[in-house]
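Q: So the protein lines, in turn, are chains Z, R, A and C. The numbers in the working numbering rise by one with no breaks, and the one at position 266 of the first sequence is 266. The numbers in the working numbering rise by one with no breaks, and the one at position 372 of the second sequence is 372. The numbers in the working numbering rise by one with no breaks, and the one at position 332 of the third sequence is 332. The numbers in the working numbering rise by one with no breaks, and the one at position 114 of the fourth sequence is 114.
Hints are computed from structural coordinates only; laboratory data are not their basis. Any given hint might turn out to be false.
Repeated chains share a single entry, so a pair holds when one copy, or any two copies, can fit it.
Keeping only pairs whose Cα atoms sit at most 27 Å apart, straight-line, the calculated DSSO-like set for lysine-lysine is [said to hold, decoys possible]:
| hint | residue 1 | residue 2 |
| --- | --- | --- |
| 1 | K294 | K270 |
| 2 | K47 | K349 |
| 3 | K349 | K128 |
| 4 | K349 | K263 |
| 5 | K294 | K349 |
| 6 | K270 | K128 |
4 protein chains.
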Amino acid sequence: MDRHIPIRLGMVGGGIGAMIGEVHRIAARLDNSFDLIAGALSSTPEKAEESAAKIGIAPERTYSDFTEMARAEAARTDGIEAVSICTPNHLHFPAAKAFLEQGIHVICDKPMTSTLEQALELGEIARKADALFVLTHNYSAYPQLRLARELVQSGALGPIRLVQVEYAQDWLAEPTESKQADWRTDPARAGAGGSIGDIGTHAFQLARFVSGQRPAQIAADLTSFVPGRRVDDNAHVMMRYASGAKGTLWCSQVAPGTENGLKLRIYGEKAGIEWSHETPETLWFTALGEPARKLRRGGPEGTMIGSRVPAGHPEGYLEGFATLYGEAADAIRAYQAGQAIETLLPGIKDGIEGLRFIDACLRSNAKDAAWVELMP
Amino acid sequence: MDRHIPIRLGMVGGGIGAMIGEVHRIAARLDNSFDLIAGALSSTPEKAEESAAKIGIAPERTYSDFTEMARAEAARTDGIEAVSICTPNHLHFPAAKAFLEQGIHVICDKPMTSTLEQALELGEIARKADALFVLTHNYSAYPQLRLARELVQSGALGPIRLVQVEYAQDWLAEPTESKQADWRTDPARAGAGGSIGDIGTHAFQLARFVSGQRPAQIAADLTSFVPGRRVDDNAHVMMRYASGAKGTLWCSQVAPGTENGLKLRIYGEKAGIEWSHETPETLWFTALGEPARKLRRGGPEGTMIGSRVPAGHPEGYLEGFATLYGEAADAIRAYQAGQAIETLLPGIKDGIEGLRFIDACLRSNAKDAAWVELMP
Amino acid sequence: MDRHIPIRLGMVGGGIGAMIGEVHRIAARLDNSFDLIAGALSSTPEKAEESAAKIGIAPERTYSDFTEMARAEAARTDGIEAVSICTPNHLHFPAAKAFLEQGIHVICDKPMTSTLEQALELGEIARKADALFVLTHNYSAYPQLRLARELVQSGALGPIRLVQVEYAQDWLAEPTESKQADWRTDPARAGAGGSIGDIGTHAFQLARFVSGQRPAQIAADLTSFVPGRRVDDNAHVMMRYASGAKGTLWCSQVAPGTENGLKLRIYGEKAGIEWSHETPETLWFTALGEPARKLRRGGPEGTMIGSRVPAGHPEGYLEGFATLYGEAADAIRAYQAGQAIETLLPGIKDGIEGLRFIDACLRSNAKDAAWVELMP
Amino acid sequence: MDRHIPIRLGMVGGGIGAMIGEVHRIAARLDNSFDLIAGALSSTPEKAEESAAKIGIAPERTYSDFTEMARAEAARTDGIEAVSICTPNHLHFPAAKAFLEQGIHVICDKPMTSTLEQALELGEIARKADALFVLTHNYSAYPQLRLARELVQSGALGPIRLVQVEYAQDWLAEPTESKQADWRTDPARAGAGGSIGDIGTHAFQLARFVSGQRPAQIAADLTSFVPGRRVDDNAHVMMRYASGAKGTLWCSQVAPGTENGLKLRIYGEKAGIEWSHETPETLWFTALGEPARKLRRGGPEGTMIGSRVPAGHPEGYLEGFATLYGEAADAIRAYQAGQAIETLLPGIKDGIEGLRFIDACLRSNAKDAAWVELMP
């Protein structure tokens, strides 16, 4: 039987007010690969229920305790096959453990655990478990970084000499009290690392993923610039790779004007590549002594890995389309309810205007480009 | 009852080999606003069935004739509430007519019809119908173009003087024979306009949407550069707006090196704005005599309309995440089938490496940034 | 005799308060090709004398009447060999005529004359004269535009289809009363064309220079947006080239946020090129179906025409160096006069700091990158 | 007496085949501040004479020994007032000493000397000398870096936290044997530092110049990637500033695809700035929580320090103009010699074309933008 059947998915964390949970949900839905049907979205029962109802999870599949959820779902014949873990860092370990031990596949946010000890223990658990463990280092799925990795592996850069990676933000430049900032600057929930855990690990993974190199030694200078902060908000790290390559890693959450300033530059004996998160669909490739080439997602010498639309449609294209669809759904619901519809959606008038435009172009062109009225 | 219920959606066109159909499907799914449950994805029965099966539409909701589909779905109590029309242009009119007349909401690709006469007739049909009609001029849903429109309306630019819009591509620079190119260069299926219908109407709609201005007169010089082409592949159009503003519209499908080079620049008495599709999350705003300001999606002075992730996560962020999820689904299916899993997905090892990195940073930092081994 | 001897140069116009005169003087001096020794910098004798003294022209070579200057200089054995004409447009014709008829070479700012009749007459005069006539369409001397021309001529673009050129400014967006604006908006001094004469002619020349194509027909829509302005401040022009190529020319002086926004894009059957004045050292070249290549001044596949420094030193490099030299001259003069010297010039302290840096790097490196004090 | 009199200048080094000597000469000439009249351009008498003749230095002011030159020039009443030293590094010290001790002002290339000991000794010599010493750290004269310094000093960034500076090149990525590469990789002539001396000192000076901060401690990891190279060709340096600010300095001569990749980023508590050598006329300024502002040379909130042309004329503008002048000089010399003239210079024909363009625009516009022939 050939029909497409999405995988049954549960979620831990990601209740109302969370940011990354909704990202995981959209990601699970976008390619129709998963069907979210169960969740322990919060450890507070009321909040768990409210959050679940809002996204269409049935009450009987709503939990506030992830251990119970793991047990209950494993016992159902239509139980979840996989679970997404989107909690603050300190809960990654017990939650992942609970589901892996029930043979439920785990998709977990990073960093994997709060401490190295937990990480090693989870490694043992995963080794024995009848389930997969996936860590969402999402940047390594950008098409142009996949391409970058292929270029390195193909030998196009020659032996690697330099790996410069950085991830700079500014959202913690001042003392803040948002939900997001709160747990990320609390060693009990985030782990001992601040910026190095939250974004440094992304940069570190990306450098390894693309370069195919593993650092042997590092020298790290960590700083907490904001008075009273209990974890680092900036790190300068020098790296020596096992291969003889060298590089630096800089991560910061106190650099005003940077957004999610992830940048990766790798230089080999024969060529160099550069990538920046601000223009994620472009990978610069320069062979020594040749002009820089702008490799675009889906373009020539590019890759279609992870591409859903043809080259030249920037990745936000789908989101723009989805916004129209979302607004159409709102309008339809309002229409069905007999409510007034206020919308920016293009409609019949725009369609007529478009045809008027085509018609006027053809009329003008037929008169050697003379002026014509749009509305004749 | 508060629970989220997606709208029941059908689709006409968008079978195997089509491009825009899949875009509509992802868009419908991304925000969980619609549930695609019926389709006439092709007029060839076998192809309609195969296409439907592939995306999970049940056989009893699979049609090859859209008129029959409209009738049948309207008769069901669980029939579709809305339909997406993703066919070549010449079928937009009969399909939209069929569904509107059954009181089913229509979401239709552009240009709305093949001829102005059809457009006006559809206008009448829509006026009388008990259903909405939405035209997917998707670019008008980009957050920074929504912001641009707000800036114009707020008076920040002063009275508008100039509207420069262009949409340049290169995919028809040579005679081509792809499915996509085929119907777009056939007047019988595309309508009399070539580039002006396919992309010129987008540029035209966008100029109107953002500027809030309607051209009164145009002067158009159309060209078919590729020998044997039966429709225009390039258009230069001068525009005079009713308000006294002026501008040009250039669209081309024969400009090597351009991708989907949609650009909009609007200049008023007090300020100017510039937007380019290649960097869709940036809107440049310059008040006369002040430095240019880079307005970023979700950033300060920005807008969150249509934004799903916080500022600084480029719009492809969700797609990267979705790629990971898709690959996780593949790995889980392979695991369940007892197949070998080859994947680039980060997993336990990456998690351990990440914690080793944090641990090594802390150890080095504790020794005044001395070199430490990553693996102690 | 091998020694380098600069050409003896005079200047008409370019007195105190003028902008373009100083540009001509720096240009004449930069390569040591000319020696400016005579001038009629103003028609007001006092201003002519003051201006001449300020730039080191001897009193006996200072004139207020360019006809007299032409006669007097032609009569001297050490008279000027060439003259630069930097006056408002309406004086170009009589001044050029005066010097050409005396056999003195003319380097003249653009547009060449105020009217087409004068231009044709000057053509006759130049044809008969024993002297050269050079028009300073300076943009055609940018290295990357020279390269663009070579690429077109080499056939790398294939037959040309499209020439899109524009030159947008914002300095006349409001009524202004500067010396620069004053004569440029006065038909008596600027000629009948406003923006088309001042900047449109540059765009027009550049399109011809690089494309090697001449328009056969044009359709122009000129506008004076600023109330009371007597000449156009914006022009939209459609062009049809003799070869079958088409294009548009847009020039504007009322587009807020543009500086000297000269842009040229040329598309042929096989490839396209793009150049923008804001990054003059980059020429984008894209062959159909290949990644865009970033051709940099002096770089691979580049050209050294007009390059004074190796690739990678941006063109402002020389100006930065010259600023240091100018400040050094100021400091030396102040020193000689016994005055206090306040300067940002790097000196001995900076030199010692630099060596301390090198020394500290070597000391730290010798200790496996341990921290060392800069000042041991 | 008010007349402008350039300073009498001599030069040591900079003979045929050198690169930086010609840069110094152009810089000295550009603002007419200096008159180059004497030189010891090479220590080989024949080469010294040939080089001097080529640039117009009189035979009696041509030397091959800089000590003799210092003595002889100091003895003349019309002797040089200042000297430019453009030799390889190891000669900076003896040459600077020779001229300073004769009371002749010194303008010296960087690094100041080969060793720290020499630097300190030169400091003593300069202290006692009746002359100024200027070190050409030219980057600190870029207008937008001067502006950056002003912004820091004004407190617009708040207390500085981070200083990230880098200077990456690729010209030594392979073993090379050019004259330029040769002495720069020879410790005897360049000093013990390779990349750190040649470009690291520039980055170091710039960081100090703009930030107003001095590092207290550094930790440096130097590498010679190219086999057999006797000096470093890459350096990673972590810096701790006396103020508590931190940062890194990276310099490299083996990073393929970088040109003269000097970049400076400074982040304070309240705002951040970014500057890149590839677009030297732009300084990015972002106050925390506000959109990035693009500060352009000469533009609003900009500075005119070091600016010779109005905003919007990129810095290469003068060089393009100078190229035209240089070609005009060539054409005039060829004309005088009765030689054939082959040139790209615009002339009478271009002037007539320009007026035809203006005329055609006016004719078309008078007919409501109807098509007109360019040549009626």
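Q: Are the hints correct? Go through all of them and say.
A: Going down the list of hints, with the structure as the test:
Proximity of K294 to K270 under the C-alpha cut-off of 27 Å is found in both arrangements, the shortest distances being 17 Å within a copy and 18 Å between copies. For a Cα distance limit of 27 Å, the shortest separation of K47 from K349 qualifies neither inside one copy, at 44 Å, nor across copies, at 34 Å. Taking the shortest Cα distances, K349 and K128 sit within 27 Å of each other only across copies (14 Å), while inside one copy they are farther apart (62 Å). For the homomeric pair K349 and K263, the shortest alpha-carbon distance between copies (23 Å) is at most 27 Å, but the shortest distance inside one copy (45 Å) is not.
Taking CA atoms no more than 27 Å apart as the test, K294 paired with K349 passes in neither setting, with 40 Å inside one copy and 33 Å between copies. For a Cα distance limit of 27 Å, the shortest separation of K270 from K128 qualifies neither inside one copy, at 43 Å, nor across copies, at 51 Å.
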